[in-house]
Amino acid sequence: MEKKDGAKPIHSPWGSPTSSLSGSDAADSSAGSHVEWCKQLIAATLTSQISRTVQPDVLTRDSKISKRLSSWKSDDEELYFHEEYDLNFPSSALNRPTLGFGAPVKLSPNQVPLLPGETVQITVKDVMYICPFSGLITGTLTVTDYKLYFTSLIKESSFILDINFGAISRLETISVPNQGDNTKGIEMVCKDIRSARFAYKTDESQPEMGEMLSKHAFPLSYSLPLFAFKYNEQFPVDGWKVYDPAAEYNRQGLPNESWSISKMNLHYELCDTYPSILVLPNNMTEDNITQVASFRAKCRLPVLSWIHPESQATIVRCSQPLVGPLDRRCKEDERYLQIIMDANAQSHKLTIFDARQSSVALSNKAKEGGYESESFYSNIELIFLEIPNIHVIRESLRKLRDVIYPTIDDAHWHSAIDQTHWLDNIRLLLSGAAKIADKLESGKTSVVVHCNDGWDRTTQLTSLSMLMLDSYYRTLRGFQVLLEKEWISFGHKFASRVGHGDESHANSERSPLFVQFIDCVWQMTRQFPAAFEFNELFLVTVLDHLYSCLFGTFLCNSEQERVAKEVQTKTVSLWSYINSQPNDFTNAFYVDYENHVLYPLLSSRHLELWTSYYARWNPCMRPQVPVHQTLKDLLFLRAELQRRVDELNTQMPSCYPSSSSEHPVPHTRPTGTPLHSAF
Amino acid sequence: MEFSDHIKTANVEDVVLRQPLHPPSRGTLCITGHHLLFSEREEGSSQQVLLLLRNIDAIEKSVENLLGYPGFLSNAAHGDRMSGSSGTITIKCKDLRVLQLDIPGMEQCLNISRSIETLSCLDNVSEMYPFFYRPTDLSLQDQWGLSTPEKHYTQMKELHERWRLSSVNKSYSVCPSYPPAVIVPNCIDDETLKKVAKFRQGGRFPVLCYYHRKNGMVIMRSSQPLTGANRKRCKEDELLLQAVIEDSEKGFIIDTRSSQQVQQARMTGGGFESKSFYNCWKRLHRQMERGKALQESLIKLVEACSDESHNVDRWLSKLENSKWLSHVQTALSTAGLLAECVERDGHSALVHGYEGTDCSLLICTLAQLIMDPFCRTLEGFLALLEREWVQAGHPFQQRCAHSAYSHARFQQESPVFLLLLDCVWQLWRQFPLALGFSEALLLRLANEVYASDYGTFLCNNDQDRCALGVKDRTHCLFRALLRPAERDYYSNPLYEPTELAIWPSVHPQSLQLWRGFFLRWTQLAHHLEAVQEEIRSMVIEWARVAQR
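Quick note, the sequences are listed as chains A and B, same order.
Mapping the first sequence onto my numbering, position 231 (from 1) lands on 300, and the numbers just tick up by one.
Mapping the second sequence onto my numbering, position 310 (from 1) lands on 317, and the numbers just tick up by one.
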């Protein structure tokens, strides 16, 4: 009946006219019954698949690009082009590039694509996937050591559900009514908002499914290795080479007369959660520095993160001082901050941004922590940013999940989002970072940023303000450096916060701080659509692999731990994958706003919920047109033009002034800077 | 009465203008019959702000003198003689901009505000600015409008077999709000039409508004039938609708009211097509808000948008409470339903509500955008607006007399056209490549419909326009928008025509606030415009190079 209409007929939210009764308002004013809706949904998505095959240009364009991407070595190209469509989990919605990269993807006997190093553990037939959108779907479930792969045929069209074990937060047995006594049910609640339920028949001859899933989802709890240590894909680019601390500090103009690159922490003896290479002030002896470290929580002493190329104002990060209820002082710490202030000739002040709520900082004083007293530290200004702690953020995302998955209450969508306070927390974080950036840029004043331990809120704030201040971090490569530096090397406890391979999902250490940070970055990319070299797919991919345990990038809690576990030699870096196909992750409209500081607008009117990430599992969120494809083509075109301009330049160097080599297009740059005024 | 009678003070020096996105500036303020002109008087700059008085929705004044006494209006005559008195006028525009003028001298301030108050809402259409606007590059001899019903019919060759152009309304006697020529089934003669017109509110008998080339199905629109409490019937009306579906077995009537509302409408003489008399037609009810409810929704939304406090202020809840986005949702989903009837189910449809001049036009327009690739081009879209809104008799003069800020008591105001533009924007956002025009066009139209140099949106219908000579004495906006420079600016550089229907997603998470319009006077919108400009120049440059 609906064979070849519709660019992308999603489904029929307005209710099919044939199914509603005339005159009966109640029946046809809503979208109809849920079951009816689901049926329509399946019909519509199947139609869309059919209509895809009748659009020859779309297909050829897809394969054209894929061929370009896989042109390194592909003995058996056909294997790349397995058309998959999954109704429930549209990872293909963002035209995700295939992971199977250098070597062709291997297919196991029952057509499960396998990554290098991945092995099938068990295949179970007649498993029922309890889809929240379309009811029961019966199919085959394959369990590998990396993922669950469920396939089913609905009306001759394949349905695929692919969940990697890393994404699973907890496994629960559920009851499955009306399916017989020997049917068991299991629910997988995932870290990335979705959850999946399966029902299966128990069979004496087969190993217990629940236990096997648990073993693969939580290998660390069973003393087994994470999949990242088995994955052995060969990429043409080595992502572990992306971040070289010395090179990054050199780029910032360090060392200089006030700051030096120190190896005091080479073997993590000064601070075991800091990187081995630190930038410290010149005028302090090693003894003094050790004393400062002992005055700071977890020995996380103040070190330089970023220096302003012109004013020499710096962003310094640390943990809270151990002041305690007795108002302990540390002369070396006071002198240390004085030296940091003096290193910047432009200002005679130093601003300390304490990320915490002032009441929390005060209560920490009772527990040996505290904050810098303005009476002991001269010329400092202490500002509390009033940002809530990791537990509040965790709760906020949990509430958001309840609003979004699996179904959305259309009538109260906005107020429900409001009640999660997720966007309020985003705003607090962005506004804190903007205050820091403004202090450096307009106030030319150095800043010290800390919270409790200086690995959560501090990391969020320093990295966001650096993103606002330094256009290098807004490039594809520079952003990777920013993550490697501020987050990974400075000991954001990824393992504890994400809980890689750990079954204790209720652990109070868990918190989605990195997700919150990436959300802030996304908000900025929305407000400055041309200022970032990377695109939305990049951000989503980073978040997916935060959980996947496929790459070693986000494993462990500290650099020391990573070295001990030989992560760099035994696992692949996420950046190897990203940088092997940069075109997929590049923003077609990127313009390098060099030396421009970006101040995002902070009114809640200008922040929006990142539905294309959080609500992406909802079938109605599929993009309507392949814009992504067009943008990619534009990128290709741009590179082509650049090449032609370069050619012309070499042919007639005398006629063309060299200025044209930088951009192929004479931009009519807006006369003012593309900046928002501060606040 | 001459304009000058309303202007006691035409010029004031040393006025400070505060407007969004700009630092305050000092200069001369000048009031003319139709404009407020501010010229900056600072060295090195010659910035001017020219504002149509018609654009002003509300004006608030506060006067005070520097001696510290609050100036009450009753004291004004007394106070103005004191040196150092001054006043502030806050001007709230229909394009949602808010300007503030600090004017020295209490009397001058009061004079200026009185002039603005009077001149910004003149009732007499022929005194409005379009009758005085004479740009050098347009001539009054040019054709007014993009097309006429006659031309439209002539071009639609496919129609001729079953449909004819009737001039039964050539003197506007059958239906005052219809154009002189309309398209009706071949087999229905003018006498029948006259009888049908008596059976439909305001004489708006069912006429063809869209012919779907792919399957020959049509969309008709009309006003409600006047069945009344006694379930009156009209054979001719039944005959006409039967002629529409001819031999295909059924058609759909999309009524933009709930089934409860239509029952109530019978009590006041209106009604609906009952199943027993129109047995091939199936009614579908979709309640769409209009009139006052829509106007109040806009007011709430604009209030929420302009409340720029930075603290935790439940912005999203306010947005939800305004219900604007749910009106957008209803409009898009009803249009989707209509398009589904025609395109997917392959049946003809009739659309009406009460008068058939608001929501009916809204969803017919949107359905055509969804289905018809030609309507998605720049010319096609403007032609669609001309056909479905200007010629079809949307009462622009009544609906757009005031916008969200006005303190005046509302009568017929309702932002239906703005709602249309918002819905089109949602389509544009969901299908960034499928529409041939840009967001800038929608913004421009949103301005023009409330205050314009052109005559296009004047009056309530074709009859009024003819009576006042609008087509001879004003210029046409749509033609002006198709001049080469404008055409460039208003077209979408990323446009890729597609023959397929574009089905919008209508879930709340897929719909967004039209920030470009509702938050346009904040920095962000400003910045995004710059980026869009950049994208445009990139793409145009690419196209140019590619041609070489």
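Hints may be right or wrong, so weigh each one.
As the list claims (entries may be wrong) - Computed, partial: chain B to chain A, Cβ under 10 Å:
id	residue
1	H167
2	R169
3	L323
4	L520
Because the hints were derived from the structure by calculation, they are not lab data.
Even for Gly, the Cβ is constructed at its ideal location relative to N, Cα and C.
Have a go at the B/H167 hint: is there a Cβ in chain A nearer than 10 Å to its own Cβ?
26 Å, violated
Agreement of hint B/R169 with chain A interface, Cβ distance less than 10 Å
23 Å, violated
Status of the hint placing B/L520 at chain A (closest C-beta pair under 10 Å):
Where the cut-off is 10 Å and the nearest Cβ of chain A is about 8 Å from B/L520, the hint holds.
Interface hint status, B/L323 versus chain A (Cβ within 10 Å):
4 Å, holds
Of the numbered hints stated above, those contradicted by the structure are hints 1 and 2, listed in ascending order.
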